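> Take these sequences, add in the hints, and give me the full structure.
To convert, note that position 250 of the sequence shown is 250 in this note's numbering; the numbers rise steadily by one, no gaps.
Just so you know, the hints here were simulated from the structure itself, not pulled from any lab data.
Don't take every hint at face value.
[Said to hold, decoys possible] 16 Å max Cα-Cα, derived EDC-like pairs, lysine to aspartate or glutamate:
{"no.": "1", "residue 1": "Lys53", "residue 2": "Glu66"}
{"no.": "2", "residue 1": "Lys258", "residue 2": "Glu126"}
{"no.": "3", "residue 1": "Lys214", "residue 2": "Glu240"}
{"no.": "4", "residue 1": "Lys138", "residue 2": "Glu126"}
{"no.": "5", "residue 1": "Lys214", "residue 2": "Glu126"}
{"no.": "6", "residue 1": "Lys217", "residue 2": "Glu240"}
{"no.": "7", "residue 1": "Lys194", "residue 2": "Asp119"}
[Claimed, not checked] Here are the simulated distance ranges between beta carbons:
{"no.": "8", "residue 1": "Val248", "residue 2": "Ala148", "range": "37 to 45 Å"}
{"no.": "9", "residue 1": "Ala197", "residue 2": "Val248", "range": "31 to 39 Å"}
{"no.": "10", "residue 1": "Tyr57", "residue 2": "Ile266", "range": "40 to 48 Å"}
{"no.": "11", "residue 1": "Glu80", "residue 2": "Asp119", "range": "24 to 32 Å"}
{"no.": "12", "residue 1": "Ser155", "residue 2": "Ala197", "range": "52 to 60 Å"}
{"no.": "13", "residue 1": "Thr78", "residue 2": "Leu147", "range": "41 to 49 Å"}
{"no.": "14", "residue 1": "Thr225", "residue 2": "Ala148", "range": "41 to 49 Å"}
{"no.": "15", "residue 1": "Arg41", "residue 2": "Asp18", "range": "43 to 51 Å"}
{"no.": "16", "residue 1": "Ala148", "residue 2": "Asp215", "range": "41 to 49 Å"}
{"no.": "17", "residue 1": "Leu64", "residue 2": "Asp238", "range": "20 to 28 Å"}
{"no.": "18", "residue 1": "Leu75", "residue 2": "Thr159", "range": "44 to 52 Å"}
{"no.": "19", "residue 1": "Lys160", "residue 2": "Thr225", "range": "40 to 48 Å"}
{"no.": "20", "residue 1": "Gly27", "residue 2": "Ser55", "range": "37 to 45 Å"}
Because the structure is a prediction, the values reported are computed rather than measured.
Even for Gly, the Cβ is constructed at its ideal location relative to N, Cα and C.
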Amino acid sequence: MQTSLEALERKEALLIKDAEDSKKVLGEIDLSIRDVEGSLRDRNSEALLLSEKKSVYTSAVSSLREKIEHLRDELSKTKEDLASNISRMGSLKELVLDAPTREILQEGSNLHIVTSLSDILNVDSEYEKAVENALSEKINSLILKTLADIETAVSTLKTKGSGRMSFIPLDSRIMDESSDVPAGIIGRAVDFVKVDAEFAGIAKNLLRNIFIVKDLKTAIELHSTFNIQHSTVFVTLDGEIVEPSGAVIGGEGRGVLKRKRELREIEEL
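Listed below in structure tokens is the structure:
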């Protein structure tokens, strides 16, 4: 009986020891689990942070792609506009220059050509028709350095059998303008034209006695009532002209000044 009790006590002791060992192992396992869980939380946090960064970068890349596409579209449109403007410039230059002018310009430096009259005149669009029609064929005049150069140019025209042209010397003597200004006019044509200082005399000589009025009725009335001088011309905003002789000239001009302005606007783009 004693032996059986001792055996049971030993067995109990072993069970207690096993239980304590198991408890210790469970504690270690629990600690390991907590470590793993902590590590997982850290990894999950890192994964979440990386996911957020990925989302930000993905959004940024998408935005950049949209900007690139927009820039490509703008570049394509700019190229199309440039090609269109170059083509338009070529067409405008062809329309502005008549055949005799193109032939004379081919002579280049031989004739000491300074520029053309239409290139020096900067006119508000509202008065372009009036100024151009008042100048008539002189709008395509070429400005040469001297009268001697003009003699050479005229000789060249004869030799080539070209059409008629107008030439103006750069050193033109400035003529006096009429001091009488009729009531009812919009203004002198020269007042609506801007030119560089070196060409001011040319503009004044050509436009000094040209008066711009509202309409043809006003032009005819002023011609009938104003003390007309031999060079006084009335021109309407639409380009109709009443000459000193009383002759009335109407119809559309070639639009040289308008086309020159369009060329300048294209070149400034």
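> The structure should be examined with respect to each hint, and the outcome stated for every one.
Verification of the supplied hints:
Restraint check for lysine 53 and glutamate 66: not satisfied, since their Cα atoms lie roughly 20 Å apart, outside the 16 Å limit. A threshold of 16 Å between alpha carbons decides the hint, and for lysine 258 with glutamate 126 the separation of about 10 Å falls inside it, so the pair holds. The suggested pairing of lysine 214 with glutamate 240 holds, with an alpha-carbon distance near 10 Å, which does not exceed 16 Å. Proposed proximity of lysine 138 and glutamate 126 is contradicted: the alpha carbons are some 20 Å apart, above 16 Å.
A distance of roughly 11 Å separates the Cα atoms of lysine 214 and glutamate 126; the hinted pair therefore holds under the 16 Å criterion. Taking the CA atoms of lysine 217 and glutamate 240, the gap is near 10 Å; set against the 16 Å cutoff, the hint holds. Restraint check for lysine 194 and aspartate 119: the C-alpha separation of about 11 Å stays at or below 16 Å, so the hint holds. Here the CB-CB span from valine 248 to alanine 148 is close to 38 Å, well matched to the stated 37 to 45 Å.
In this structure, alanine 197 and valine 248 meet the distance hint of 31 to 39 Å, their C-beta atoms being roughly 36 Å apart. Separation of tyrosine 57 from isoleucine 266 is about 44 Å and conforms to the stated range, judged on CB atoms against 40 to 48 Å. Judged by the Cβ atoms, the range 24 to 32 Å given for glutamate 80 and aspartate 119 holds: they are separated by roughly 28 Å. The hinted range of 52 to 60 Å is not satisfied by serine 155 and alanine 197, whose Cβ atoms lie roughly 31 Å apart.
For threonine 78 and leucine 147, the Cβ-Cβ distance of about 47 Å falls inside the hinted range of 41 to 49 Å, so the restraint holds. The beta-carbon spacing between threonine 225 and alanine 148, approximately 44 Å, falls within the hinted interval of 41 to 49 Å. For arginine 41 and aspartate 18, the hinted distance range of 43 to 51 Å is not satisfied, since their beta carbons lie about 34 Å from each other. Distance hint check for alanine 148 and aspartate 215: the Cβ-Cβ separation is about 44 Å, which falls inside the suggested range of 41 to 49 Å.
Range check, leucine 64 to aspartate 238: Cβ separation about 55 Å, and the 20 to 28 Å hint is violated. The beta-carbon spacing between leucine 75 and threonine 159, approximately 50 Å, falls within the hinted interval of 44 to 52 Å. At about 47 Å, the CB distance of lysine 160 to threonine 225 agrees with the hint of 40 to 48 Å. Distance hint check for glycine 27 and serine 55: the Cβ-Cβ separation is about 42 Å, which falls inside the suggested range of 37 to 45 Å.
The structure is inconsistent with the numbered hints 1, 4, 12, 15 and 17, although it conforms to all the rest.
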